[in-house]
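Student: Mind docking chain E on chain G? Use the hints.
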Amino acid sequence: MTNDLSPFGRRWSGLLILSIAMLLSACATQPDSTPPLSAVTAMAQPPSQREDDAGANTCREIARDLSHHDSAALNGKLDLRLILQQVFSALDSQLLDATQRQKLVAQLEEQIKSKLVENYGEDNWDMLRGYADGDRYLCLLRTDMSNQGVSYVEFDLRMVDGRMQIVDWIDLVQEQRVSEMFRELFGDIATMLESSTKPATHYWELFTPQERLDFFEFLKAVRDQDSSRIFTAYDRLSWRFKQKPLYALLVVKAASAHGDGLYQKALKNFEQRFGGEDHYGILLIDLYVEERRYEQAILGLKRFRDKVGADPVIDILLAIIEREQGHSASFYEHCLQAINVNPNYVQTYWLLLDQLVADRHYDDAVLVLNVLTSMFNFALSEHHFEADEKYQAFRKSEAFRAWALDRA
Amino acid sequence: MVGLAQMEPTEKGYLVDRAPAWVTEQSYDANKTSSASQGTQYLLVDQQQHVLQDQKLVPPQYHYHFVIRILNSAGLSQSSQLHITFNPAYQTLHLHSLKIIRNGETRDVADQVYVRMVQQEQQLASDIHDGLLTAVLIPEDIRVGDIIDYSYTIEGRNPIFGTHHFGNYSLNWAVPVDKMAMRVVTDSSRFSFRSVGIELKPTMARFGGLNEYKLVRMDVPAVIDDGETSLEYTRYAWMDFSEYPSWQAVNRWAAHLYDGVSTANDDVKALALKLRQQATSEQDYITRALFFVQNEIRYVGLELGVNSHRPRAPGEVLQKRYGDCKDKSLLLTTLLQLQGIDAWPALVSSVARYSVMRNLPSPGVFDHVVTLVEFNGKRYWLDGTRLYQAGRLDNLGIADFGYALVVGHRNQELQRMYETLPIASLVEVEEDILADAFNQPVTLKIKSVYHGNAAEMRRYQFQTVPLDNIKRNYLEYFSRYYKNMSAESALTYEDDTERNRFVVYETYRIDDYWKRGNALVQNKIFNLSYIEALKAPTVRQRQSPYYLGLPRRVNSVLRLHYPESVTINLDETPVSIENPAFKYTYQDRYADGVYTHRSSLNVLQKDVAVNDMDSFLRALDQIHNDWEYTLTVGVAASVPGRQELQTLKARLKKLAGKNHD
Chain G
1 MTNDLSPFGR RWSGLLILSI AMLLSACATQ PDSTPPLSAV TAMAQPPSQR EDDAGANTCR
61 EIARDLSHHD SAALNGKLDL RLILQQVFSA LDSQLLDATQ RQKLVAQLEE QIKSKLVENY
121 GEDNWDMLRG YADGDRYLCL LRTDMSNQGV SYVEFDLRMV DGRMQIVDWI DLVQEQRVSE
181 MFRELFGDIA TMLESSTKPA THYWELFTPQ ERLDFFEFLK AVRDQDSSRI FTAYDRLSWR
241 FKQKPLYALL VVKAASAHGD GLYQKALKNF EQRFGGEDHY GILLIDLYVE ERRYEQAILG
301 LKRFRDKVGA DPVIDILLAI IEREQGHSAS FYEHCLQAIN VNPNYVQTYW LLLDQLVADR
361 HYDDAVLVLN VLTSMFNFAL SEHHFEADEK YQAFRKSEAF RAWALDRA
Chain E
409 MVGLAQMEPT EKGYLVDRAP AWVTEQSYDA NKTSSASQGT QYLLVDQQQH VLQDQKLVPP
469 QYHYHFVIRI LNSAGLSQSS QLHITFNPAY QTLHLHSLKI IRNGETRDVA DQVYVRMVQQ
529 EQQLASDIHD GLLTAVLIPE DIRVGDIIDY SYTIEGRNPI FGTHHFGNYS LNWAVPVDKM
589 AMRVVTDSSR FSFRSVGIEL KPTMARFGGL NEYKLVRMDV PAVIDDGETS LEYTRYAWMD
649 FSEYPSWQAV NRWAAHLYDG VSTANDDVKA LALKLRQQAT SEQDYITRAL FFVQNEIRYV
709 GLELGVNSHR PRAPGEVLQK RYGDCKDKSL LLTTLLQLQG IDAWPALVSS VARYSVMRNL
769 PSPGVFDHVV TLVEFNGKRY WLDGTRLYQA GRLDNLGIAD FGYALVVGHR NQELQRMYET
829 LPIASLVEVE EDILADAFNQ PVTLKIKSVY HGNAAEMRRY QFQTVPLDNI KRNYLEYFSR
889 YYKNMSAESA LTYEDDTERN RFVVYETYRI DDYWKRGNAL VQNKIFNLSY IEALKAPTVR
949 QRQSPYYLGL PRRVNSVLRL HYPESVTINL DETPVSIENP AFKYTYQDRY ADGVYTHRSS
1009 LNVLQKDVAV NDMDSFLRAL DQIHNDWEYT LTVGVAASVP GRQELQTLKA RLKKLAGKNH
1069 D
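Residue numbers (the numbering used here), protein chains in the order written: chain G, 1 to 408; chain E, 409 to 1069.
Any given hint might turn out to be false.
Quick list of in silico lysine to aspartate or glutamate cross-link-like pairs, EDC-like style, CA-CA up to 20 angstroms [what the hints assert, rightly or not]:
#	chain 1	residue 1	chain 2	residue 2
1	E	1061	G	363
2	E	1057	G	322
3	E	1062	G	359
4	E	1062	G	322
5	E	1062	G	363
6	E	677	E	704
7	E	991	G	161
8	E	1061	G	271
9	E	1061	G	161
10	G	242	G	271
11	E	855	E	902
12	E	1057	G	359
Far from chain E, by Cβ distances over 10 angstroms, these chain G residues were calculated [what the hints assert, rightly or not]:
#	residue
13	360
14	386
15	401
Calculated directly from the structure, the hints in this document are not laboratory data.
We put the CB at the ideal spot given by N, CA and C, even for glycine.
The following block holds chain E by itself, in its conformation from the complex:
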């Protein structure tokens, strides 16, 4: 043991003792004034860890030392409670000191501070139970101007990760930090370090016969985060370190956790047989197995201890009828493999996504598991946790997590899930505005056809929200644009689960639609299909790319059926507004009393590069003009020759012997 008393936690759930001997005390400047306007000044953020290869002999220790100054009452309410999170299943919290420094006088309250242990289960909302515990330290008599200096060590590590260590340290925060230090002490020579976001390297030295890596940063400025940015473009920086030499090594680590077929019991085999009997083809078998795992296995993540990363046996999952992403993936993989279909669990990061590539190889980057299926020369990424999926293998909705580590696959490297960005959804909207007369209300009929992910979203909405509420919400939404609007008939829908299409039909009545002048009639056109589809970023003057979401397509046809033929001055030339991020085309037409506006939006990239922001915003402003405009037409009396033509036609009817009509 290196410095920490080898003791069991008390009833309190933590220990109060001295810092381990290997810890190097970092100094800080208590007199340094803060130029920041936030409520708390961070004088020191020091993180150190001691990791040896023989973990049984010496458990890993993670030491933290924070010094903050309360600058105002906002800081008082923000920072006077201290939070320390650990997992009691395999970790112990050692509190070393909690000093309150006021006017140069120090009092250490570590022994007497009130600590509330809270099982926060922050992911409970998503049915994940990770067993993490948070110690909330509530020191008394904290005032504005006080310095709070506290340190603690967390001992122990999730045993599932074995002998290879890995981790990362933040190199900047959302607030300024006066001094930021990191240190790793280890007997291992396998460590690699990689700074992400900033070019920095730790220094290496010897310390008590061990390797010591350390880095100190002074006056670290706050990160100005634009928001709405993919993680691969975040302006936050960190230092990654890992003992894993490659992604293959991580893959080998994962492979021994995911041997499903060998653990498939009779129940799993019986299920495979039943699915086989129901299926009309292998492709059908795949989707049946997927839908079984998605819909018949309830999602519950009991990610306690080793089960944070080791899946449960497929038979157990089937028997209990619940499981988390890895449990579901292994069950699905096993069912497919029992049918002779090539399938593998695939580790992905739902947060880092494309940013995974920036990190050093380690298991720590992954937080989700999907299933890769290679079938008929194509690759399919299936997610057992996803609900409301439908359709055939080729028209399922998709999720692009960027990169995946496919466990046990012949390609042991990180694999790009989709070579080109997939089109996640297609929405086709047809709107017909029907008018009997210019002095009558019009009827707006809308048919919206959702494909891919959009169909799944709509299926989710219609299965979880009462139809009346949806109808009211839709009407509320349209009423923001069309005044005097009311629903004319019930909202109806068709769920085409075979083709993964969801069709919604709406009919509304709009009063006072027309504005009439002498011989002119005006009306407003709103291309509502797009208004929610492509939005400007909250921060326009950006330093990081703007995240648009996966490529998607919206096609829209709006037809305005005038009560009679009208004179309309239209430029029927097709217009194309293009930008590296999207392409929007539209064209106006008029024929036989019907004005037709046909348009299409293709979102081509998931991010708008900083250099493209100006043209993106200009193009966006330009296309907004096409999403809301006024049509002005001439009616009857103003159309040259119309009266004469009507008279002639009436006469021709008589000459043709057709007096009756």
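So that you can see chain G by itself, here it is in the shape it has in the complex:
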């Protein structure tokens, strides 16, 4: 059961799919070459915190390891003893002897190490900020915006044998601490395994054989990432599990790979069960936007910003929500805010370019092109805008022609 269990997962955002659709269309014009790091890079990093040097350096290395999919390097920074200890304590049952538990834990350790990069390592990761907290260092990383959405993960670093090591982490979007998630999951597994042999002493320990079958079927469906099976299995799950966010989150995660309404359905289920808990606001934004509940979406994003601090990605999302509502001035205001937070976040400019073109602010669109070429060294020229229909009018504008002439 644990052999292929990988409950890590990227959460997706339908909102981001909307926005990414916009971005992708703009990104289609981007030259393939990665722009060299601008000299302005140093100009506007996030506000500096009082950083612990060893912690900050390890934090940057983790971002680099994830971005480069460097599993070996990342695993070298993992100290899973804390997490495994949690799992081990959850498995404290009479059913599994010490050897079996050790074996199970060893398999889990192997799984975590083999899947960590796979689950988190598909994008570029940036260190947003870090906080020294006694002998700990909390390292907040965020993925770049991409068609897979965006992830925020806070790694919990501790000094182990003179090195800063990852001992735990929290998926901030899901509000899920890995060690707790494993403890809960393995605790339930142990309980279910044990319930078939051990007499119940309380009514809540009375499990029917069917409950056990349904539970393990759900886990198998998660393991196989079979979303239709997951939904069916989830429906059959006992109330005991449905009252826990963990299982609803597993459903959301599995459904996020599908754009056929399953994702919205999973989110709706999650909202109905746990939507009253404010901290899940960011997870439900896709649902809010889909259902045009913009105020809730904005509220969720702002709460999330309070949690993770200033970040241009959040301002971009707010801008998109404002645009969805036709609030043009607010859209530009949030874009300006995104630039102020971090002028080097290039996605802001691509988003702006498309909107300025759509709003027929061609002179201003050229200003964006100037920033992209001068600050980011993009080798843009007229032909980059030829293929896409939406730039047709822009290409004919006086501002664009002058810019293209200048670039020629």
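Tutor: Chain E alone, transformed into the frame defined by chain G:
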């Protein structure tokens, strides 16, 4: 009496008589030429002593015979006055001979030499009155080329030391010595000898029914002293001898001197009661008792006779309100013991420190007394003579004397005070350089937080030196680095006596800070936190370890707030410069127009081993590069895209309906 006439000193304060019969005359070669370049040639240095177990019958006698030749006028001024120090409270000086030999002709002037008796009180500056007297012999008509041959015996010994004898003879000097001799004549068979610094053993023979130990060294070269070395690594050598078989025996000797509780009178008990009523906890009681002894009992050492080592009764010390280290230690120990707290006086050496272990057991090695407190499973070494201490038991400043002999403790041996070298102090410095524009002066704000010993040093400075003088000295110090600097506001400080922290705030203005080129701006950075913290030794080619001082830590953050965002090419990789003696780390950062230099110096050892000197000096040179350097940045016009970005942002403001700002 063995050879010395049993007479009282004359009005002169000394006697002129013949050498005792037990003394063996040592010959010397008067024709031996000196290859040394100093002003005085030492032809003979002979030291002998006669010590019997029954001191009442025959007082100990210490005989000295020196023969020197004046080589030049420098030697004439250095050596034509002879100094003999003794303690008239229990010693008598017998001058035997003072011969001036010129061109083979000898005249003995012992009877007629002018002798000035001087109560030097060399330690008076530290309020110690030891009663020592120095006889200054001023023979007439001494010329370059003359040989001065003089001998004397000092009879008597401090009675506090009882029947066990001990002492030491130097085996080399800072100058060459042609012949060096030592001799001990005794009826005791308990003597042990240990040579320190050189492997030598005295020969033993019988002499007039007594044991005779002697050693002669010829052509003893001068010690080349590197300086700045802990005594345990000194290149000087000596012969130690002692009748004490062990440190336990020394401890037993000391124990009968330090029975404080039995001598605690009502005044001491009343003080203990008062402190108990004021204290909020036992820990608080300990520090209150310590601060009382430190601050309410004036330090005066009347170390006359037996009081050189026997403390005065706590009641007497309390009544007189003064005492020396042992008096204070016994009073403190007594106050703590009255509260049921485990405390003992502890003998230490403020000079020998870790070197104590090299010596044979004897009371002579100790010159200071502190107090050991064992409380809540921890050991605290408290010093009643120390001033300007503050804080709680766990954050008091510390003094590491290496080893201590804790009087009456269950462990009667020499004890290492701290198992690992303690970190004596921590200094945290934050410097902010604030700039409004590149053509304006900058403001330098400094916040220095001193902990531990550093806090006590700073407290001492601010309590004894007028604030204006400190301010002027600080400004003077900084001005060596920053030209055109002036104090912008008053120097302020906070003395956090609860946490033993001392915080100093300084603000300066620096004119002409920036050097501007076309699109580049330069400025100098000085990490002044360290410049005084770790220095190179005066002698770099060393033969003995370099003494660094106790382990300590300095953390520094320097922030340069540029007037605007700049382009800066920084290697933000953390740098660590390590050496067995210290670790220095630093890292440069730049974000949001602020250049941050974060660094830390950990001095890990108190000494740099000779074998580590090369790497120490290399590392020191390397880190000096980080203590003074130039930053060069690109400004506005040179930042790619900056102008375009500003234009775009201005437009976005308009589109966002924010035209007003």
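Student: A separate judgement is required for each hint: does it hold in the structure or not?
Tutor: Hint check:
Note on residue 1061/E and residue 363/G: the hinted pairing holds, with a Cα-Cα distance of about 15 angstroms set against a maximum of 20 angstroms. With a C-alpha separation of about 19 angstroms, the suggested pairing of residue 1057/E with residue 322/G holds against the 20 angstroms cut-off. Under the criterion of a C-alpha separation no larger than 20 angstroms, the hint pairing residue 1062/E with residue 359/G is consistent with the structure, at around 14 angstroms. A threshold of 20 angstroms between alpha carbons decides the hint, and for residue 1062/E with residue 322/G the separation of about 17 angstroms falls inside it, so the pair holds.
Restraint check: the Cα-Cα separation between residue 1062/E and residue 363/G comes to about 13 angstroms, which is no more than 20 angstroms; the hinted pair holds. For the proposed pair residue 677/E and residue 704/E, the alpha carbon gap of about 16 angstroms is at most 20 angstroms, so the pair holds. With a C-alpha separation of about 18 angstroms, the suggested pairing of residue 991/E with residue 161/G holds against the 20 angstroms cut-off. Between the alpha carbons of residue 1061/E and residue 271/G the distance comes to roughly 37 angstroms, so the proposed pair goes past 20 angstroms and is violated.
Taken as a hint, the residue 1061/E and residue 161/G pair is broken in the structure, with Cα atoms around 52 angstroms apart against an allowance of 20 angstroms. A C-alpha spacing of about 13 angstroms is found between residue 242/G and residue 271/G, which places the hinted pair at or below 20 angstroms, so the restraint holds. Proximity of residue 855/E to residue 902/E is assessed by CA-CA distance (about 11 angstroms); at most 20 angstroms being required, the pair is judged to hold. With a C-alpha separation of about 17 angstroms, the suggested pairing of residue 1057/E with residue 359/G holds against the 20 angstroms cut-off.
Interface exclusion of residue 360/G from chain E stands, the closest Cβ pair being 12 angstroms apart, more than 10 angstroms. Distance check for residue 386/G against chain E: the nearest CB is about 23 angstroms away, which clears 10 angstroms, and the non-interface claim stands. Here residue 401/G stays apart from chain E, with its beta-carbon at least about 19 angstroms from theirs, past the 10 angstroms limit.
Hints 8 and 9 from the list above are not met by this structure, while the remaining hints are.
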